[in-house]
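On the provided structure of chain B, position chain H as indicated by the hints.
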Amino acid sequence: MVPLSWYLILSAILFACGVAGFLIKRNIITIFMSIELMLNAVNLTFVAFAAELKMLSGHVFVFFVMVVAAAEAAVGLAIIIAVFRTRETLNVDRVNLLKL
Amino acid sequence: MSLHLWIIPLLPLAGAAINGLLGKRFPKAVVNAIALGSTASAFGYALYVAVQFMGLPADQIPHIERYATWMTAGAFTAEYGIYLDQLSLVMLLIVTGVGFLIHIYSVGYMEHEGGYYRFFAYLNIFMFFMLTLILANNYLLMFVGWEGVGLASYLLIGFWFLKDSAANAGKKAFITNRVGDFGFLIALFLLIKHFGSLQYETVFKALTAYPVEASAGLLTAIGLLMLVGASGKSAQIPLYVWLPDAMEGPTPVSALIHAATMVTAGVYMVARSNAVFNRAPIALMVVAVIGTLTAIFAASIGIVQTDIKKVLAYSTISQLGYMFMGCGVAAYGAGIFHLMTHAFFKALLFLSAGAIIHGLGGEQDMRHMGGLRKYMPKTFWCMTVATFTIAGFPPLAAFFSKDEILWATWASGNHVLWLIGLIAAGMTSFYMFRLWFMTFFGEYRGTPADDTHHGHDSHDEHGHGTPHESPMIMIFPLMVLAVLSFVGGWVGVPAALGGSDRFDHFLAPVFQSTAEAPSGSESTASSTAGHAEHEETGTELLFMGMSVAAAALGFLGAWYMYYKRTDLPAKMAAAAGGLYTFVLDKYKVDEFYGAAVIRPIVLASTNILWKGIDATLIDGAVDESAAGAQDISDGLRHMQSGSIRSYAGWVAFGAAVVIAFMVWQGVR
Numbered sequence: 001m002v003p004l005s006w007y008l009i010l011s012a013i014l015f016a017c018g019v020a021g022f023l024i025k026r027n028i029i030t031i032f033m034s035i036e037l038m039l040n041a042v043n044l045t046f047v048a049f050a051a052e053l054k055m056l057s058g059h060v061f062v063f064f065v066m067v068v069a070a071a072e073a074a075v076g077l078a079i080i081i082a083v084f085r086t087r088e089t090l091n092v093d094r095v096n097l098l099k100l
Numbered sequence: 001m002s003l004h005l006w007i008i009p010l011l012p013l014a015g016a017a018i019n020g021l022l023g024k025r026f027p028k029a030v031v032n033a034i035a036l037g038s039t040a041s042a043f044g045y046a047l048y049v050a051v052q053f054m055g056l057p058a059d060q061i062p063h064i065e066r067y068a069t070w071m072t073a074g075a076f077t078a079e080y081g082i083y084l085d086q087l088s089l090v091m092l093l094i095v096t097g098v099g100f101l102i103h104i105y106s107v108g109y110m111e112h113e114g115g116y117y118r119f120f121a122y123l124n125i126f127m128f129f130m131l132t133l134i135l136a137n138n139y140l141l142m143f144v145g146w147e148g149v150g151l152a153s154y155l156l157i158g159f160w161f162l163k164d165s166a167a168n169a170g171k172k173a174f175i176t177n178r179v180g181d182f183g184f185l186i187a188l189f190l191l192i193k194h195f196g197s198l199q200y201e202t203v204f205k206a207l208t209a210y211p212v213e214a215s216a217g218l219l220t221a222i223g224l225l226m227l228v229g230a231s232g233k234s235a236q237i238p239l240y241v242w243l244p245d246a247m248e249g250p251t252p253v254s255a256l257i258h259a260a261t262m263v264t265a266g267v268y269m270v271a272r273s274n275a276v277f278n279r280a281p282i283a284l285m286v287v288a289v290i291g292t293l294t295a296i297f298a299a300s301i302g303i304v305q306t307d308i309k310k311v312l313a314y315s316t317i318s319q320l321g322y323m324f325m326g327c328g329v330a331a332y333g334a335g336i337f338h339l340m341t342h343a344f345f346k347a348l349l350f351l352s353a354g355a356i357i358h359g360l361g362g363e364q365d366m367r368h369m370g371g372l373r374k375y376m377p378k379t380f381w382c383m384t385v386a387t388f389t390i391a392g393f394p395p396l397a398a399f400f401s402k403d404e405i406l407w408a409t410w411a412s413g414n415h416v417l418w419l420i421g422l423i424a425a426g427m428t429s430f431y432m433f434r435l436w437f438m439t440f441f442g443e444y445r446g447t448p449a450d451d452t453h454h455g456h457d458s459h460d461e462h463g464h465g466t467p468h469e470s471p472m473i474m475i476f477p478l479m480v481l482a483v484l485s486f487v488g489g490w491v492g493v494p495a496a497l498g499g500s501d502r503f504d505h506f507l508a509p510v511f512q513s514t515a516e517a518p519s520g521s522e523s524t525a526s527s528t529a530g531h532a533e534h535e536e537t538g539t540e541l542l543f544m545g546m547s548v549a550a551a552a553l554g555f556l557g558a559w560y561m562y563y564k565r566t567d568l569p570a571k572m573a574a575a576a577g578g579l580y581t582f583v584l585d586k587y588k589v590d591e592f593y594g595a596a597v598i599r600p601i602v603l604a605s606t607n608i609l610w611k612g613i614d615a616t617l618i619d620g621a622v623d624e625s626a627a628g629a630q631d632i633s634d635g636l637r638h639m640q641s642g643s644i645r646s647y648a649g650w651v652a653f654g655a656a657v658v659i660a661f662m663v664w665q666g667v668r
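In order, the protein sequences belong to chains B and H. Heads up, the first sequence is in our numbering, so the first residue is 1 and it goes up one at a time. Heads up, the second sequence is in our numbering, so the first residue is 1 and it goes up one at a time.
Chain B on its own, in the form it takes in the complex (with noise of 0.2 Å):
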């Protein structure tokens, strides 16, 4: 049986990608992939710990995370869309409207 902390790693170094992608990234398409990634490392830790602990709350937890994830794809890519028609573009630099 693979241990624990193999899972545990493996789910920090996803999570860690994400991270690096969320700031490295300009393209906001792949922000969002990034923090899809982030949100599958912490399902991955779920799961780990579910099983690992024998307990159903940490699966109920990942189908939570999951139906979120999908609203929230949802919503993202809508406004992704929006913004896109406006500003022509996709990078995140120029999209700094909010600025004081």
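Calculated from the structure, these hints are not laboratory results. Quick reminder that beta carbons are idealized off the backbone N, C-alpha and C, glycines included. Don't take every hint at face value.
[Claimed, not checked] Computed list of chain B residues with no C-beta within reach of chain H, every gap over 10 Å: (1) 47; (2) 74; (3) 97.
[Said to hold, decoys possible] Per label pair, the in silico range of CB-to-CB distance: (4) H:636 with B:9: 32 to 42 Å; (5) B:5 with H:636: 39 to 49 Å; (6) H:631 with B:53: 50 to 60 Å; (7) B:59 with H:631: 50 to 60 Å; (8) B:53 with H:633: 44 to 54 Å; (9) B:82 with H:643: 17 to 27 Å; (10) H:659 with B:82: 55 to 65 Å; (11) B:91 with H:615: 53 to 63 Å; (12) H:622 with B:47: 22 to 32 Å; (13) H:660 with B:47: 40 to 50 Å; (14) H:668 with B:82: 18 to 28 Å; (15) B:91 with H:640: 15 to 25 Å; (16) B:82 with H:615: 50 to 60 Å; (17) B:53 with H:659: 52 to 62 Å.
[To be verified] Derived, one-sided and incomplete: chain B residues facing chain H with beta-carbon distance under 8 Å: (18) 22; (19) 23; (20) 59; (21) 90; (22) 93.
Same frame as chain B, but now just chain H:
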């Protein structure tokens, strides 16, 4: 038996409230009805109270009524209550009676003035506070009235507040009074500390356990501090400077507040506190000396003044000095007697002066009067009675009262004070007859159409041609007061003249019940002034002769200089040169105070309090904290770059910090 004395002060208060709040919409007749009605009913009720009071058995005097507890702090309580004894009864009748007459007079005098309702509201509020002052049954309530009359005085001096001089005079009066109040307050604090109460009967009873202080002690300190308060309110040296300036107010106000009633509050307070002063001979002596010095000092200034109201103002200060002199030799009865006659004749003098000013369209300079006997005969006769009264001719009122004071001063052994008092009496006679001759005799020196001298009393809106007699509503109070000034002294005809000195005997219980010192060491002052005069009738008659001689001398001097040889005063003034101008400038006391007190205070306030503390410290702290907040925000503003990645970076950084903190916590 309750006399419901609370009604008396509350009547004028109600009048003031109605007129003050709603009077603007009332026609003058309604304002008159409310103001005069409330004062008249207060006077009427006071008369009823006087009749009832006479029927009280001796053991029910003082008659004390308690209504409610005002405040309690630990063992100390102050209550709303009224203390009626012979002293407050006399004051009550003077204040309501003279006050009512002056209210009547004001209806005529203020007819052409703006702010009519305001004037009567102020007058009524003054009546309320004055009655509180004299009827209170504890020092704290007295202090409320004391401050209240100061407020009313301030409002009425500055009645024509658009005039700078009037507004300044009001401020001067108020601030000078505050200096005196400071002393009074400290005296009250000392009373609370040592007697735990300010109720008259408690304090006076506790005082009987104290011996007469041979050297300065607690009671001397209390007495002297009370004197500071009294000298502020009653315009004695060194705090008299406000009273001449207070003549900026309307003349009825000068008559009511600055002659007949309010300025006598200090005398009343000293007489009321006789239990303290009798046990503090040093303080009592200071009272006598201050009074005597004030009497002659103010009289000497009065001699050279040319403004008719200023002459009367200095005369008031001088007469108040006499009252203090009387109190200071423990002849409180004589002091109060003079207070009463003074209320009559000085109110009469001021109201007559007001009638003259009214008839001349605002002229107050006596050099522009003269010959008015022909134009205003009724005023002339009233003024004549008043002048002869204040000069001290028998059998008019002030002869008896002033002479009683002088006699008591001599009898108490203060021969120097008596001599000064006698000289001041001669000077009084001189300056009053000077006023009389300059105003009513000779030729009219006014220039009818000349406006340059007008406006001092803000009467200039109805153009005056020739001087005219005042309306009947102003003359009537003059006549009543003239009668009182004539016969008012007869209640106190001394034994030496075949009278029984009823007034003194009436008041005697007030000053005797508290005078007995348990240690048996009688106060030198109180024992000699009492009834020693019986054996010395001859001497007393001689002294009366001297007083009359002094008055006659003053009359002759004034007659010679201001009737017979009218060129003489100018020559004498020129001969006296610097001395004359020095006296004309009121001994430069105002200038001295300005340089010694006001300028340092203004400088210190400007440089330290205003520019130092207010502008630099307080404003600086506020400004700096505002500027600091702006600076910090200016720095923080740059965090909000609008760049999503920088936000994300901050989020990641924050999360890292939180995790690091949790790990560190876990490690620990």
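Tested hints:
Its beta-carbon lying about 22 Å from the closest one in chain H, residue 47 of chain B satisfies the requirement of being farther than 10 Å from that chain. Here residue 74 of chain B stays apart from chain H, with its beta-carbon at least about 20 Å from theirs, past the 10 Å limit. For residue 97 of chain B, the requirement that its beta carbon stay farther than 10 Å from each beta carbon of chain H is not met, with the minimum near 6 Å. Between residue 636 of chain H and residue 9 of chain B the CB atoms are about 38 Å apart, so this pair conforms to the stated range of 32 to 42 Å.
As the Cβ distance of residue 5 of chain B to residue 636 of chain H is approximately 42 Å, the hint placing it in 39 to 49 Å holds. The beta-carbon spacing between residue 631 of chain H and residue 53 of chain B, approximately 53 Å, falls within the hinted interval of 50 to 60 Å. With their beta carbons about 53 Å apart, residue 59 of chain B and residue 631 of chain H fall inside the hinted range of 50 to 60 Å. Hint check: residue 53 of chain B to residue 633 of chain H, Cβ distance near 48 Å, so the stated range 44 to 54 Å holds.
Between residue 82 of chain B and residue 643 of chain H, the C-beta spacing of about 19 Å keeps the proposed range 17 to 27 Å intact. For the pair residue 659 of chain H and residue 82 of chain B, the supplied restraint of 55 to 65 Å is violated, since their beta-carbon distance comes to about 35 Å. For residue 91 of chain B and residue 615 of chain H, the Cβ-Cβ distance of about 55 Å falls inside the hinted range of 53 to 63 Å, so the restraint holds. A beta carbon spacing of about 60 Å between residue 622 of chain H and residue 47 of chain B contradicts the range 22 to 32 Å that was offered as a hint.
In this structure, residue 660 of chain H and residue 47 of chain B break the distance hint of 40 to 50 Å, their C-beta atoms being roughly 27 Å apart. A C-beta distance of roughly 49 Å is found between residue 668 of chain H and residue 82 of chain B, which places it outside the suggested range of 18 to 28 Å. Range check, residue 91 of chain B to residue 640 of chain H: Cβ separation about 20 Å, and the 15 to 25 Å hint holds. With their beta carbons about 56 Å apart, residue 82 of chain B and residue 615 of chain H fall inside the hinted range of 50 to 60 Å.
Separated by about 22 Å at the C-beta atoms, residue 53 of chain B and residue 659 of chain H break the suggested range of 52 to 62 Å. Because the smallest distance between the Cβ of residue 22 of chain B and any Cβ of chain H comes to about 6 Å, under 8 Å, the interface hint for this residue holds. Hint on residue 23 of chain B holds. Least Cβ distance to chain H is approximately 6 Å, under the 8 Å limit. Given hint, residue 59 of chain B at the interface with chain H, is violated; its Cβ is 25 Å from that chain's nearest Cβ, farther than 8 Å.
Checking residue 90 of chain B against chain H: minimum C-beta separation of about 12 Å lies over 8 Å; hint violated. Look at residue 93 of chain B: its Cβ gets to within about 6 Å of chain H, closer than 8 Å, so that hint holds up.
Taken one by one, the earlier hints fail for this structure at numbers 3, 10, 12, 13, 14, 17, 20, 21, listed in ascending order.
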